[in-house]
Amino acid sequence: MVRLANLLFAGVVCAVISMVIVTVTTSDRRAPSHSERAHPHSGLASATTGVLANPATFPIVIRKPAGPPQIKLAGTDPQGRSASVACATCHSVRPPNFDNQTAQSLDEFHQGLQFNHGQLSCYSCHNPENADELRLADGTAVEYADVMTLCTQCHSKQAESFAHGAHGGMNGFWDLSRGPQTKNNCIDCHDPHAPNYPKMIVDFKPRDRFLDLQRAEHDNHK
Amino acid sequence: MTTINERPEAGNRELPIVENFSRRAAVKGGFATLGAAAFVAAISPLRHAAQNTSAAEFLQKHYTELSDEQKADVIARLEAETKKNYGAEVTIGDDRPIPGTKFVYAINLSVCNGNGKCVEACHKENNHDRATHQSYIRIVEMPKGTLDMEQGSTTYTGVVPKDDKFYLPVQCQQCDEPPCVDVCPVKATWKEEDGIVVVDYNWCIGCRYCEAACPYHARRFNWKKPEVPADQVNPDQSYLSNRIRPVGVVEKCTYCLHRTRRGRLPACLEACPTGARVFGNILDEDSNIRWILDNKRVYILKEELGTKPAFFYYFD
Chain A
0 MVRLANLLFA GVVCAVISMV IVTVTTSDRR APSHSERAHP HSGLASATTG
50 VLANPATFPI VIRKPAGPPQ IKLAGTDPQG RSASVACATC HSVRPPNFDN
100 QTAQSLDEFH QGLQFNHGQL SCYSCHNPEN ADELRLADGT AVEYADVMTL
150 CTQCHSKQAE SFAHGAHGGM NGFWDLSRGP QTKNNCIDCH DPHAPNYPKM
200 IVDFKPRDRF LDLQRAEHDN HK
Chain B
0 MTTINERPEA GNRELPIVEN FSRRAAVKGG FATLGAAAFV AAISPLRHAA
50 QNTSAAEFLQ KHYTELSDEQ KADVIARLEA ETKKNYGAEV TIGDDRPIPG
100 TKFVYAINLS VCNGNGKCVE ACHKENNHDR ATHQSYIRIV EMPKGTLDME
150 QGSTTYTGVV PKDDKFYLPV QCQQCDEPPC VDVCPVKATW KEEDGIVVVD
200 YNWCIGCRYC EAACPYHARR FNWKKPEVPA DQVNPDQSYL SNRIRPVGVV
250 EKCTYCLHRT RRGRLPACLE ACPTGARVFG NILDEDSNIR WILDNKRVYI
300 LKEELGTKPA FFYYFD
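Chains as they are written, first to last, in numbering that gives the first Met the number 0: chain A, 0 to 221; chain B, 0 to 315.
Note that these hints are calculated values from the structure, not bench results. For glycine and all other residues, C-beta sits at the position ideal for the given N, C-alpha and C. Honestly, I wouldn't trust all of these hints.
[To be verified] Some, not all, of what chain B presents toward chain A, calculated at C-beta under 8 Å:
(1) Asn114
(2) Glu119
(3) Gly157
(4) Glu269
[Stated by the list, open to error] Result set (DMTMM-like, lysine to aspartate or glutamate): computed pairs, CA atoms no more than 25 Å apart in a straight line:
(5) B:Lys161 x A:Asp190
(6) B:Lys224 x B:Asp128
(7) A:Lys156 x B:Asp162
(8) B:Lys116 x A:Asp187
(9) B:Lys116 x A:Glu142
(10) A:Lys156 x B:Asp283
(11) A:Lys156 x B:Asp285
(12) B:Lys83 x B:Asp283
(13) A:Lys204 x B:Glu210
(14) B:Lys83 x B:Glu68
(15) B:Lys164 x A:Asp190
(16) A:Lys204 x B:Asp285
One chain only, chain A, in its complex shape:
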């Protein structure tokens, strides 16, 4: 019993000694670390004030179409090459037919075009004088690259939201003092001829316990 007590006492003494050693070493380490910690913080503060001095150095870039669309030709030449032509290739030699309100009345080209955009007709937006340009309601010609000007005529609410980041996707930086931001164009998401956002299929689902299949069936039967 005496031996056991001695062993226990020795164990307690060892534990106390090791605790003392650990506290002493860590407090040794902590003492310089406090003074060091103060420096990087002050450095950080001065760095941010430097950034604030010249805010908004990076632009918000709105994606734009490269130019007027090109029609891809169906066939290939004897060398197997395909080609695409500008709208004006055909439309510059064909007079505009204002009777065509929808794709249904077309008998040669653009047949089967899916059109679902209110009461608009082709020349509400396309320029009859220059097929490689668009046209505003007041007759002003607009480049294809500036198509958003055309959309904004009717969709001013969406344009306002877009200007404030509340409509349309974006990429890059929220903090323009650190990097640029890229915003989508209207036609990145909306097909101008059928602007309803397309349906999508869900393909990624977390498999956690809330998504247990049996439980889901149970919920549905209730």
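Once you have looked at the hints, place chain B on chain A.
The following block gives chain B in isolation, referenced to the frame of chain A:
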């Protein structure tokens, strides 16, 4: 003579006293043995832990008490461990709040169609376990006309959006009164100056009180070691954010602080094909988020609980 001789010998030779254990001693010995066994059993988790964790990891202090050089040591160790366990070269940053920012999120429920690209982006960005498809975002398919999440379903599949439904993405709301922080018994989770509620994964004991306390089901528990193939590990990591979590700790959305504290947009926002998500600094008067709060019909989830979320939903 012999009898005479023998007698004194017999008289001198005392009978040996056999030191039988008294009952007291036996009971003492028994309890001492039991006590020793109990002590060994009690410290056996430590011995197992010692096999799995280095002394440095075991002795590591709380994140807020680490000095800069200690942080550097910890991060170097974590990077080496990731290299060893996952075969991936990663850089783990220590991103601190940007002074003068408070991060706020908003989602346009008129636009969200529940396609789940944000869920997938979160899964990849934050190095979640691949087998469970873990993600910080859960999208609830809700019947129109209510915000009662009990009526929603998270198991919907197929073509979205359905005509009679709207879609409610739910993730950590970065509450100003976070119930999850209040219940943590070891202060392993706290709210930082820019509003993000973070977890020190090396301090968390995995009790899951916070998971139970969160009214938005926003916290996740690592039931097993996350499995991520080396080529899919996102190498751009941060200590309080998307570094690969150890088994047995709780984790949560951090508004991608390894991106947002470097000025970039969160991964779920960049992945959203509908543009429903808006992120920004509410302290900046010219920010997108301030315009939305001023001009749109804005809702918060479970307002009656008083959690004061930094996460808004709006319709337009």
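Consistency of the hints with the structure:
1. Asn114: holds, 4 Å
2. Glu119: Interface hint status for B:Glu119: holds (4 Å vs cutoff 8 Å).
3. Gly157: holds, 7 Å
4. Glu269: holds, 5 Å
5. B:Lys161 x A:Asp190: holds, 20 Å
6. B:Lys224 x B:Asp128: Holds - the C-alpha atoms of B:Asp128 and B:Lys224 are around 8 Å apart, at most 25 Å.
7. A:Lys156 x B:Asp162: Answer holds: A:Lys156 to B:Asp162 is near 23 Å, not above 25 Å.
8. B:Lys116 x A:Asp187: holds, 17 Å
9. B:Lys116 x A:Glu142: violated, 33 Å
10. A:Lys156 x B:Asp283: holds, 23 Å
11. A:Lys156 x B:Asp285: holds, 19 Å
12. B:Lys83 x B:Asp283: Not satisfied, since the Cα-Cα distance of roughly 43 Å exceeds 25 Å.
13. A:Lys204 x B:Glu210: holds, 21 Å
14. B:Lys83 x B:Glu68: Holds, at about 23 Å.
15. B:Lys164 x A:Asp190: holds, 24 Å
16. A:Lys204 x B:Asp285: violated, 36 Å
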